[in-house]
Amino acid sequence: MTGITIAGGTGPAGRGGTGRATKAPPLRPQNRQLAILLVLLLVAIPLPLILPSAQGAVAVRILIFLLMAVGWNIMSGFGGMFSFGHAAYFGLGAYTSAYLLVEHGVSPWIGMLAGMAVAAGVAVVIGYFAFRYKLQGAYFALATFAFAEMLRLIVTSTEFTNKAVGFSVPLIQGSSLWKIQFAADSPAYFWIALALAGLAGAASILFLHSRSGRYVTAIRDDELAAASLGTPVMRHKLMTVALSAAITAVAGAFYTQYYLFVNPDLAFGSSVSIQAIATVVIGGIGTVWGPVVGAIIVGSLSDVTATLLRTPPDFLNFLQGRSGLDVALYAILLILIVRLLPKGIVGTAMARWRR
Amino acid sequence: MSNIGNQKGAALAPDAEAPGAASPRGKAPHPLRAALGGGGNAAILKRVAIIGGALVIAIAVALLKSGSGLVVWQSVVTGLLMGGLYGLIAMGLTLIFGVLDIVNFAHGALLAVAMFIAFGVVQGTGLHPYLTLLVAVPALFLIGGVVHRGLLSGTGGGSLENQLLITLGLSLLLENGLLMFFGAEPKTVTLPGDFQFGLFGAVVTGARLYAFVGALLLGALLFWLLRRTRFGTAIRAVAANGPGAELVGINVRRIHTLTFAIGTACAGAAAVLAAPLITVTPTLGEQFNITAFVVVVLGGMGNVGGALVGGLLIGLVEQLTTIYMDGQSSLLGVFVVFVVVLFLRPQGLFGRRA
Amino acid sequence: MSARKLVAGLGACAVLLAGCGGSAPSGAAGAAAGRDHGPVKIGALHPVSGANAVDGQQMRRGAQLAVEAINAAGGIKSLGGRKVELAEGDTQGKAEVGQSEAQRLISEGAVGLVGTYQSAVSTNVAVVAERNRVPFVMDVTASDAIFAHGYRYAFRVQPGSEAISAAAAAYLKEVSEKAGKPVRKVAFLHEQTDFGSGAAEAFSKAAAKLGIQMGPNISYDAVTTSDLTAQITQVKASGANVLAVAGYYRDSLLAAKAINAVKPNLDAVWGVSNGAYDQPKFVTDAGALGERYFSTNYHYDAKNDQTTKLRADYQRRFGAPMRTGAVLAYDAVQVIAQAVDRAGGTDAEKVREAISASQVTPLAVGRGPIRFAANGDNRNALPVLMQIQGGQVKQVYPAEKAESQPNYSVTWRP
Numbered sequence: 219m220t221g222i223t224i225a226g227g228t229g230p231a232g233r234g235g236t237g238r239a240t241k242a243p244p245l246r247p248q249n250r251q252l253a254i255l256l257v258l259l260l261v262a263i264p265l266p267l268i269l270p271s272a273q274g275a276v277a278v279r280i281l282i283f284l285l286m287a288v289g290w291n292i293m294s295g296f297g298g299m300f301s302f303g304h305a306a307y308f309g310l311g312a313y314t315s316a317y318l319l320v321e322h323g324v325s326p327w328i329g330m331l332a333g334m335a336v337a338a339g340v341a342v343v344i345g346y347f348a349f350r351y352k353l354q355g356a357y358f359a360l361a362t363f364a365f366a367e368m369l370r371l372i373v374t375s376t377e378f379t380n381k382a383v384g385f386s387v388p389l390i391q392g393s394s395l396w397k398i399q400f401a402a403d404s405p406a407y408f409w410i411a412l413a414l415a416g417l418a419g420a421a422s423i424l425f426l427h428s429r430s431g432r433y434v435t436a437i438r439d440d441e442l443a444a445a446s447l448g449t450p451v452m453r454h455k456l457m458t459v460a461l462s463a464a465i466t467a468v469a470g471a472f473y474t475q476y477y478l479f480v481n482p483d484l485a486f487g488s489s490v491s492i493q494a495i496a497t498v499v500i501g502g503i504g505t506v507w508g509p510v511v512g513a514i515i516v517g518s519l520s521d522v523t524a525t526l527l528r529t530p531p532d533f534l535n536f537l538q539g540r541s542g543l544d545v546a547l548y549a550i551l552l553i554l555i556v557r558l559l560p561k562g563i564v565g566t567a568m569a570r571w572r573r
Numbered sequence: 323m324s325n326i327g328n329q330k331g332a333a334l335a336p337d338a339e340a341p342g343a344a345s346p347r348g349k350a351p352h353p354l355r356a357a358l359g360g361g362g363n364a365a366i367l368k369r370v371a372i373i374g375g376a377l378v379i380a381i382a383v384a385l386l387k388s389g390s391g392l393v394v395w396q397s398v399v400t401g402l403l404m405g406g407l408y409g410l411i412a413m414g415l416t417l418i419f420g421v422l423d424i425v426n427f428a429h430g431a432l433l434a435v436a437m438f439i440a441f442g443v444v445q446g447t448g449l450h451p452y453l454t455l456l457v458a459v460p461a462l463f464l465i466g467g468v469v470h471r472g473l474l475s476g477t478g479g480g481s482l483e484n485q486l487l488i489t490l491g492l493s494l495l496l497e498n499g500l501l502m503f504f505g506a507e508p509k510t511v512t513l514p515g516d517f518q519f520g521l522f523g524a525v526v527t528g529a530r531l532y533a534f535v536g537a538l539l540l541g542a543l544l545f546w547l548l549r550r551t552r553f554g555t556a557i558r559a560v561a562a563n564g565p566g567a568e569l570v571g572i573n574v575r576r577i578h579t580l581t582f583a584i585g586t587a588c589a590g591a592a593a594v595l596a597a598p599l600i601t602v603t604p605t606l607g608e609q610f611n612i613t614a615f616v617v618v619v620l621g622g623m624g625n626v627g628g629a630l631v632g633g634l635l636i637g638l639v640e641q642l643t644t645i646y647m648d649g650q651s652s653l654l655g656v657f658v659v660f661v662v663v664l665f666l667r668p669q670g671l672f673g674r675r676a
Numbered sequence: 002m003s004a005r006k007l008v009a010g011l012g013a014c015a016v017l018l019a020g021c022g023g024s025a026p027s028g029a030a031g032a033a034a035g036r037d038h039g040p041v042k043i044g045a046l047h048p049v050s051g052a053n054a055v056d057g058q059q060m061r062r063g064a065q066l067a068v069e070a071i072n073a074a075g076g077i078k079s080l081g082g083r084k085v086e087l088a089e090g091d092t093q094g095k096a097e098v099g100q101s102e103a104q105r106l107i108s109e110g111a112v113g114l115v116g117t118y119q120s121a122v123s124t125n126v127a128v129v130a131e132r133n134r135v136p137f138v139m140d141v142t143a144s145d146a147i148f149a150h151g152y153r154y155a156f157r158v159q160p161g162s163e164a165i166s167a168a169a170a171a172y173l174k175e176v177s178e179k180a181g182k183p184v185r186k187v188a189f190l191h192e193q194t195d196f197g198s199g200a201a202e203a204f205s206k207a208a209a210k211l212g213i214q215m216g217p218n219i220s221y222d223a224v225t226t227s228d229l230t231a232q233i234t235q236v237k238a239s240g241a242n243v244l245a246v247a248g249y250y251r252d253s254l255l256a257a258k259a260i261n262a263v264k265p266n267l268d269a270v271w272g273v274s275n276g277a278y279d280q281p282k283f284v285t286d287a288g289a290l291g292e293r294y295f296s297t298n299y300h301y302d303a304k305n306d307q308t309t310k311l312r313a314d315y316q317r318r319f320g321a322p323m324r325t326g327a328v329l330a331y332d333a334v335q336v337i338a339q340a341v342d343r344a345g346g347t348d349a350e351k352v353r354e355a356i357s358a359s360q361v362t363p364l365a366v367g368r369g370p371i372r373f374a375a376n377g378d379n380r381n382a383l384p385v386l387m388q389i390q391g392g393q394v395k396q397v398y399p400a401e402k403a404e405s406q407p408n409y410s411v412t413w414r415p
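Protein chains in written order, with my numbering: chain A, 219 to 573; chain B, 323 to 676; chain C, 2 to 415.
Hints listed in this document are in silico derivations from the structure and should not be mistaken for laboratory results. Fair warning: this is a prediction, and the values are worked out from it, not measured in the lab. Keep in mind that the hints are not guaranteed to be accurate.
Ranges between beta-carbon positions, derived for each pair [claimed, not checked]: (1) Gly375/B <-> Gly323/A: 51 to 61 Å; (2) Gly240/C <-> Phe519/B: 17 to 27 Å; (3) Lys368/B <-> Met452/A: 29 to 39 Å.
A virtual CB, placed ideally from N, CA and C, is assigned to each residue, including glycine.
Work out the full structure: start from the sequences and follow the hints.
As structure tokens, this is what we get:
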């Protein structure tokens with residue numbers, strides 16, 4: 219797990235806070251990153267007014283991917299604990315808010331908070347056992363995978379989660395911010411998702427530069443050394459895992475409100491975990507901006523290939539009506555990026571820039 | 323002692339002594355104990371006794387729950403036969419993990435590729451399904467070699483998450499490639515002259531029995547290869563200590579590629595034997611991949627004999643789960659066993675504590 | 002550094018715009034504007050790629066044939082012969098993609114949607130349709146849950162899961178009594194998700210009303226199972242004389258193999274919404290194993306000359322037998338087109354009203370013309386009993402839809 223270096227300008231702070239003496243830095247890295255985040259958010263605000271409504275749906279999907287990716291990146295990128303089971307937290311967020319809303323009429327905002335709490339709690343329990351028994355690397359990944367799958371199977375056969383049917387969010391008349399429900403192509407969805415993604419991004423930046431964040435990156439880079447210096451390893455790891463799970467749960471809760479329907483496979487399926495991983499790895503694992511770039515690419519990929527196949531250029535004509543091309547393209551992209559840019563797009567770009 | 327791997331990742335200390343590989347060639351332990359992965363005799367016997375006892379209790383409880391001896395007996399027979407198949411599939415995987423330390427998520431997809439090769443050959447030439455071994459095994463050996471050289475060796479394939487993603491990407495690519503070329507329609511491979519017989523009331527079909535016997539043969543073959551040949555010694559040397567093996571003149575990269583190729587060739591053999599039992603679809607690997615990983619962890623990573631025994635255990639666990647928990651997926655029981663083993667004995671039921 | 006990041010950020014936004022813009026062949030000209038001139042657009046959403054691509058392509062072609070038939074007959078008459086055009090969408094079998102594709106088709110001016118083959122995708126599309134106030138006529142969608150939400154714009158042509166299960170129980174009682182081997186006890190083997198468990202539950206409820214004893218009720222995980230011998234042994238041990246099976250293709254084939262191995266003392270094997278036992282492919286794959294298996298399901302009407310003609314046409318053009326799903330897609334497009342004709346315009350609300358008062362003669366089996374109940378379900382949808390006889394899938398019950406007589410027996414018992 220030591221192969222990851224923090225790109226994205228976090229290096230100085232990450233190395234025990236010594237702070238390399240740069241030539242009159244205008245801002246601390248943390249503030250600089252927050253400023254960039256703010257600019258990105260401001261630039262993105264008018265997007266739904268420009269985009270046609272079908273593309274608006276793609277933009278929202280990208281933001282949901284972004285939320286998942288930011289969550290996964292905190293635990294696996296910053297923390298170096300490779301999770302192959304983030305579907306568990308996405309699903310818990312989605313199901314908690316859906317259950318509270320459908321069965322008890324609780325506002326999805328409260329459901330979202332509840333989902334974050336449930337996901338963080340479960341993550342801490344799973345994390346505690348995994349760290350207690352010192353699972354690492356592939357074993358840790360397989361254990362998280364097993365827990366996500368167990369949750370999926372349990373939800374699929376439990377009465378109060380509606381078994382395999384899942385939950386459909388009841389439609390309301392008109393729109394309501396309290397119930398997070400608007401007209402189908404309303405830009406409000408985009409703006410709420412953007413605000414959530416912005417908050418998640420800010421949380422991720424603040425965490426990285428916080429005491430916990432610095433400890434956890436130090437633990438990632440050398441656990442023995444960190445432990446021998448008296449770092450409370452378990453506590454910081456558990457905090458990281460909880461934050462990561464909570465952010466991923468937000469993605470799940472928002473997913474439910476946007477698509478108005480969840481079932482066990484959509485929420486807990488292993489493809490959810492894979493999407494979270496692939497998004498970050500393509501963008502750049504352990505970087506602040508990697509999830510953003512990854513989400514844009516992965517979130518729009520299936521629509522780009524679908525468009526390509528709908529009206530194929532002549533040389534691609536033979537592919538029309540063939541199954542599986544979009545996923546195959548996605549797979550090739552994934553393999554190429556991991557092979558050629560092992561640090562992801564952002565990670566590699568940062569490394570080049572610095573040289 | 324076929325435990326060729328060290329327990330990287332599972333062990334507390336990253337540079338733990340590799341068990342097994344250090345034992346001199348001349349003093350191979352008793353084959354049965356060896357098949358179970360070696361270790362101290364008394365400890366192994368005790369462990370076997372514990373597992374055996376647990377199984378007997380589990381079967382007795384299943385008898386009480388179902389109330390029909392025939393049903394439980396059939397479940398045990400089916401579980402063991404399925405378990406042989408799981409062990410067969412997991413052997414290649416555990417070899418790759420033990421020697422190369424690669425978590426190969428493409429194993430299931432490679433299995434699917436081999437099944438489509440078998441299906442294509444049977445369809446095209448009318449050959450007996452088992453004769454497609456002659457095509458599928460070399461083909462998978464080549465594919466394995468190419469995959470390792472092209473995708474996994476070198477710097478890009480280094481870290482765990484990169485290996486995981488490359489193999490995951492490869493499995494998506496293979497599955498969807500098969501989907502593009504063969505279509506989504508399920509295919510079947512029929513075994514001419516398949517028969518069945520009763521075993522104290524339980525039904526056993528020929529194809530399943532062949533697969534079971536095939537698993538035993540393949541396990542024996544791998545055991546022989548690893549323990550009784552120079553090449554096998556080189557593999558174990560590389561698994562135990564890569565730089566050391568390099569120093570005594572072993573070409574480590576070549577051994578890695580060959581081991582990966584042998585591992586995928588095992589998948590090829592497993593696929594041919596399993597093809598008549600299941601419906602061939604591009605995504606069939608998924609249903610075996612998870613189980614195979616569980617079996618590998620259960621048997622101890624890199625432990626070929628352990629994979630076989632682990633397979634049999636998982637086969638039984640699956641069948642007993644369906645008796646215990648009505649309306650619940652058999653996979654849940656498998657995962658519960660998996661997580662317990664992962665926490666309590668990450669080196670596998672038959673591995674040594676490092 | 003800061004400026005550099007800014008540039009990178011702006012670059013990312015440009016990618017976002019380009020990525021999205023690149024997949025936007027048509028502008029957001031506005032749904033209403035798209036509807037008023039040019040051909041009348043009907044959206045067809047099917048899984049044309051992915052694991053269900055074969056069925057998805059079948060259904061898309063079925064919809065295309067319907068559009069061609071409508072245009073060949075002079076288009077929409079009340080609109081001066083305006084042509085109909087199929088706006089095609091690919092759900093890839095994924096709920097999220099189905100959602101965004103539905104949104105796209107609606108924004109391109111579709112007056113109605115047909116689709117989608119999978120219940121989870123249909124659930125998502127139904128929400129989109131409801132919120133955009135565009136009628137959605139489902140061709141194949143088994144789940145009944147969609148019709149419990151009081152949606153106004155959701156309609157369905159095929160009989161739902163519950164209707165099929167109830168009919169299966171009723172047919173079982175009638176056919177077994179006529180054969181002189183009245184059903185005593187039914188074992189139910191089903192896959193464990195919504196589809197199989199729902200069928201088992203509805204069947205048990207209907208069976209209880211008919212005085213049929215149920216048990217055991219055995220479920221399995223369709224994704225991972227690769228042997229059902231133990232389950233069939235349980236059936237044998239239970240003494241049931243009929244085995245009902247609700248599963249997908251792969252697992253139902255496994256069940257057939259296990260039944261052949263165990264040979265339980267049954268009078269009949271009874272498919273309920275079964276994904277295999279009425280498929281010509283099952284006959285090929287299972288060979289003699291599948292002979293005399295029954296299946297209650299929705300089906301194209303083999304006794305209808307028009308259906309026969311359509312299927313022959315399909316076979317000639319696409320070189321494959323036309324499946325029931327494609328026939329239902331054909332029916333669903335007809336429902337929308339005829340509603341537009343009667344509404345005399347493309348106003349969504351009027352089209353919805355016209356659909357809810359539909360009187361469309363189906364090419365799939367039905368009691369009569371397609372007519373929708375208040376919840377949008379087809380009141381005249383009729384499940385039919387089929388049996389594999391001499392390597393052919395034949396409609397055998399009810400009598401007015403029967404191609405041949407039911408043979409209530411199994412091959413391995415006298």
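Results of checking the hints against the structure:
For the pair Gly375/B and Gly323/A, the beta carbons lie near 52 Å from each other, so the given range of 51 to 61 Å is met. Checked against the hint of 17 to 27 Å, the pair Gly240/C and Phe519/B passes, with Cβ atoms roughly 24 Å apart. Restraint check, Lys368/B to Met452/A: a C-beta distance of roughly 32 Å satisfies the suggested window 29 to 39 Å.
When each numbered hint is compared with the structure, no violation occurs for any of them.
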